[in-house]
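So the chains spell out like this:
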Amino acid sequence: MSIRERLSGNEAVSIAMKQINPDVVAAFPITPSTEIPQYFSTFVSNGAVDTEFVAVESEHSAMSACIGAEAAGARAMTATSANGLSLMWEMLYIASSLRLPIVMSLVNRAVSGPLNIHNDHSDAMGARDSGWIQLFSENNQEAYDNILMAHRIAEHKDVLLPLMVCQDGFITSHSIENIELLEDEKVKSFVGTYKPEHYLLNDKEPIAIGPLDLQSYLFEHKRQQSEAMRNAKRVILEVSEEFEKLTGRHYGFFEEYKLSDAEIAVVCMNSTAGTAKYTVDELRKNGIKAGLLKIRCFRPFPAEEVANSLKHLKAIAVLDKADSLNAAGGALYEDVVAGMFTSNIHVPTINYVYGIGGRDTKSTDIEKVFSELSTVAKTGDIGNPYRYLGVRGEN
Amino acid sequence: MAYNLKQIIAEKPSRFTAGHRMCAGCGAPPVARMILRALKPEDHAVIANATGCMEVSTFIYPYTSWTDSFIHTAFECSAATESGVEAAYQSLKRQGKLPENKETKFIAFGGDGGTYDIGIQSLSGAMERGHDMVYVCYDNGAYMNTGIQRSSATPKFADTTTSPAGTKIPGKMQSRKDLTKVLAGHHLPYVAQSIAVNNFKDLYEKAEKAIYTKGACFLNVLAPCPRGWGYNTEDLMQINKLAVETCYWPLYEIIDGKYVINYKPKNKLPVEEFLKPQKRFKHMFKPGNEWMIEEFQKEVDNRWQELLDLEEITNKN
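Protein sequences, first through last, are from chains S and B.
Under the numbering used here, the final residue of the first sequence carries the number 395; numbering is consecutive throughout.
Under the numbering used here, the final residue of the second sequence carries the number 1317; numbering is consecutive throughout.
There's no promise every hint is true.
[Claimed, not checked] The list that follows gives simulated cross-link-like pairs (lysine-lysine, PhoX-like), each with its CA atoms no further than 25 Å apart: (1) S/Lys-195 with B/Lys-1102; (2) S/Lys-157 with S/Lys-258; (3) S/Lys-195 with B/Lys-1093; (4) S/Lys-18 with B/Lys-1214; (5) S/Lys-186 with B/Lys-1097; (6) B/Lys-1316 with B/Lys-1264; (7) S/Lys-204 with B/Lys-1102; (8) S/Lys-157 with B/Lys-1097; (9) S/Lys-195 with B/Lys-1097; (10) S/Lys-222 with S/Lys-258; (11) S/Lys-204 with B/Lys-1316; (12) S/Lys-188 with B/Lys-1264; (13) B/Lys-1298 with B/Lys-1181.
[Claimed, not checked] Interface residues of chain B toward chain S, partial, derived using beta-carbon atoms under 10 Å: (14) Thr-1058; (15) Thr-1067; (16) Ile-1071; (17) Gly-1125.
[Claimed, not checked] Footprint (simulated), chain S over chain B, 3 or more residues, beta carbon under 8 Å: (18) 1042 to 1055; (19) 1085 to 1094; (20) 1098 to 1108; (21) 1115 to 1124.
To be clear, the hints were calculated from the coordinates, so they are not data collected in a lab.
Just so you know, even glycine gets a beta-carbon here, dropped at the ideal spot from N, CA and C.
Produce the entire structure from the sequences given, and follow the hints as far as they go.
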């Protein structure tokens, strides 16, 4: 029997971490993820975990210490947001290139500047090419479940890549919702113990990690990373299936909500999907065939699968909670459109940048998107593909 | 047991193997080799190294000079990286996941760029947290790996590629940061300043103390660079000796807050003796630039006196 609780997203992640009982946690406070190391250090202080908690002096050192710990043969975890992730940027690439399956909770927040502490996805989008697996979570339950699945995916011998579980800062990190927790023992047996093949603390096999890797080898090493990211697709599905058997909760690359018979649909990530589901239900009451594709797995990006699930639509809107400032659409939009093009699928698709710096996204905003989509579907003319939602000035 | 270099070399094979690509006459490899010799033969070690000359010359894929476990991540974070390795060790050891009868020691290396400058935050954090590790700065007084750019360890007036001795500005115009004192302010169990002189006695003994003192320890070791300093490669040991005999680089240690000066020259040589064989100070010897040598001497004298005072004050009780 699972345990019914009421928890915020940060509490849910902290409890998942307690149940996983990692060997090392190195973290630095930053809003809105601060509560995670805060709750976790209480577990450490009270002897509820075996973890060595390293209260580092910066996020750069948090990731450096996680790299050292994971390379040493330990399971290492961290949590951060926004500028914290920016400060880790150099080390994110090193973590993935050293093939260290570190797990991070990323509580999404706008990256400066100017300074803002509220939610958007500019932090995660900045790390999208860093070689980390990125899973997104609509609510506290998904954040908890994704963390429980994280080590199984990251540590798989065909993957060996770091993984970040994203959730929306404040919107889900600080909102208390109902949640179903697994018993400690079930988590323990599902997650299993970490048994690295090569590690620094093995005195019987000293190893050297992090060489100067020149023209003759670096390319092959990067290629191997790329292969690992491809392998992660298979492993994510395998682990999710096993998780479903344990919990009854289904996870794939994405969630299709009333999509199969939809004519128009939005694609988005994290908590906005909740608002979009409500809107889809409302519109369907009026006979509008609206649907939703909620991306869970953004890295690796399931391009072919996304394209395939969108191919029957008359018009699509991709919602990006980060502006790529590139005069050519947001990151999710680019990936979705490229995926469809590669699969020879041509559905009129527009992009909305929305919710920047924590700008509230209401069901009426999503209604507006669907209303504009109806026009696109009718006329087949996408007009301006690069649109904005909920911002002052011209949209 | 009295120090005997021949015996140490006979009993403790080098853990830093030949074949690395450091320059002839470089001060860093003998330092690394001797520090590792201070490890007990039965102990395992995990070495962390900041990006820099030593890292890029000793671990070029697929070759390594390090016989112990070794990790390099980036320029500014060998201390933080090693602190993570040490944290893993504490955790795994406590949980009974590592062999009980095996000791592992933790040593992080960084040049002065990776230590005095870009890595000072990472170093300060790791030292303050008290990880059971030794951080060794091999100080060659500039960013040598990228081509001799000034660092905060570069001595005043030195000619570097970003503080060139020009017609208006005669080299670096700022004084050298005293990092050993910065670390002293961390109130660590053991902080020391050393150099390879006298058959490595000072260096070996300090390395041994640092490695086998529980907690975070710091060694600052002057390691001359023939390219950056402009001396003849065969003169390395002579340069080291002059650094000590002029009191430019005093040998001292701070044990639980108490200063101990390990060597007080009976006849303190003028700093000119140290400056003269180095091309980076050549412009100081041009007619009309006597004031530079005087000023340099004054700084050396002041710092030496400060050290003598600190020794006296901290040993009063």
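Item to complete: Compare the structure with the hints numbered earlier in the document and write down the numbers of the violated ones, lowest to highest.
Response: Numbers 2, 4, 10, 11, 12 - these are the hints that the structure violates, sorted from lowest upward.
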